[in-house]
Structures are given as structure tokens and as C-alpha cells.
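Given these sequences and hints, build the entire structure.
Taking the working numbering, I'd label the letters of the sequence shown as residues 36 to 152.
Keep in mind that the hints were calculated from the coordinates and are not lab data.
A portion of the hints provided could be inaccurate.
[To be verified] Taking CB as the label site, the calculated pair distances span:
no.: 1; residue 1: Asp136; residue 2: Arg49; range: 13 to 21 Å
no.: 2; residue 1: His60; residue 2: Asp136; range: 33 to 41 Å
no.: 3; residue 1: Ala69; residue 2: Leu44; range: 36 to 44 Å
no.: 4; residue 1: Asp136; residue 2: Pro105; range: 29 to 37 Å
no.: 5; residue 1: Arg101; residue 2: Pro74; range: 17 to 25 Å
no.: 6; residue 1: Arg144; residue 2: Leu93; range: 25 to 33 Å
no.: 7; residue 1: Ala68; residue 2: Ala139; range: 32 to 40 Å
no.: 8; residue 1: Ala68; residue 2: Gln146; range: 30 to 38 Å
no.: 9; residue 1: Ser134; residue 2: Ala89; range: 16 to 24 Å
no.: 10; residue 1: Ser134; residue 2: Cys37; range: 33 to 41 Å
no.: 11; residue 1: Ala48; residue 2: Gln146; range: 13 to 21 Å
no.: 12; residue 1: Asp136; residue 2: Ala67; range: 23 to 31 Å
no.: 13; residue 1: Gly98; residue 2: Gly64; range: 15 to 23 Å
no.: 14; residue 1: Gln146; residue 2: Ala91; range: 21 to 29 Å
Treat the numbers as computed from the prediction; the structure is a model and nothing was measured.
Just so it is clear, CB atoms sit at the ideal spot from N, CA and C, and this is done for glycine as well.
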Amino acid sequence: SCGASLASLLMAARRPGEAEALLRHVAPGLAAAAGPRNPVALAAAVNLGGALAAQAKLADAEGVYREALPRLDAALGDQHPHTRACAAGLLAVLQAGGSGDEAAQLAARYQLGASAG
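Structural data, given as C-alpha cells:
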């Protein structure tokens, strides 16, 4: 979607707060219109998690990633780039929060390096 693309540009411009605001508006609409397992809607959720993590809103980012990851896995498979990006984002949040055991399990499940994120 145009909104999701604009949010990606905002993230690239290091404006995660603006990207977050846009994605909070766009992501639910994409999921409602296209379905919760639509790849574009799921990518918007992953981008929202990234925008939150970039602002150190780790608990919020973790929640977004945890909600999106099983849907991505079911819709696209565990090795799809969107799925792996979500898993890597969740891994980074878990590592930052000191959840080493869960982070290690996640890294093994999605074949991510120990310092992914």
C-alpha cells in the first residue's frame, strides 16, 4: 500500500515516530481489507514492530512481533523474508530484554544468527 511504502521511507529517513503513527493507522486497515494473513498487511505489522523498536518501545514492539510471527509463519512459511524479518526483530527485542533462553530457541527455530536484529 501507499501508506506502508511511505512508512518505509520514513524509517529510512530515521523518522520512526512518524512511521509508527502512519503504520498504526494503515496496518489495521490493510488487515481488515485484505485479510489478517495478507502478505502486505503482515509486512506492515513487521514494519510497525521495527518502528517501535527503533524508538526503544520494546514491550510494544515485542507484542506486535509476537502477534505477527505465527500469522507470517502460517501464511508464508518460516523462511520467507517477511517471516524472518519478524523473527529477527523479536529476537533483537528478546535479547535487549535479557530473555536469553527464549531468544536462543527463536534463533534456532528460524535459523537466525545469535546477533540477528
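Right, here's what the structure says about each hint:
1. Aspartate 136 and arginine 49 have their C-beta atoms about 33 Å apart, which leaves the hinted 13 to 21 Å range violated.
2. Taking the beta carbon of each, histidine 60 and aspartate 136 are about 36 Å apart, inside 33 to 41 Å as hinted.
3. For alanine 69 and leucine 44, the Cβ-Cβ distance of about 21 Å falls outside the hinted range of 36 to 44 Å, so the restraint is violated.
4. Between aspartate 136 and proline 105 the beta carbon distance is about 19 Å. The supplied range of 29 to 37 Å is therefore violated.
5. In this structure, arginine 101 and proline 74 meet the distance hint of 17 to 25 Å, their C-beta atoms being roughly 19 Å apart.
6. Taken as a hint, the range 25 to 33 Å is violated for the pair arginine 144 and leucine 93, whose Cβ atoms sit roughly 20 Å apart.
7. About 38 Å separates the C-beta atoms of alanine 68 and alanine 139, a value consistent with the hinted range of 32 to 40 Å.
8. Under the hint 30 to 38 Å, the C-beta atoms of alanine 68 and glutamine 146, about 33 Å apart, fit the expected range.
9. Between serine 134 and alanine 89 the C-beta distance comes to about 19 Å, which sits within the given range of 16 to 24 Å.
10. The hinted window of 33 to 41 Å between serine 134 and cysteine 37 holds, with their beta carbons roughly 36 Å apart.
11. The hinted window of 13 to 21 Å between alanine 48 and glutamine 146 is violated, with their beta carbons roughly 31 Å apart.
12. At about 36 Å, the beta-carbon gap between aspartate 136 and alanine 67 misses the expected band of 23 to 31 Å.
13. Our hint of 15 to 23 Å for glycine 98 and glycine 64 holds, since their Cβ atoms are close to 19 Å apart.
14. Restraint check, glutamine 146 to alanine 91: a C-beta distance of roughly 27 Å satisfies the suggested window 21 to 29 Å.
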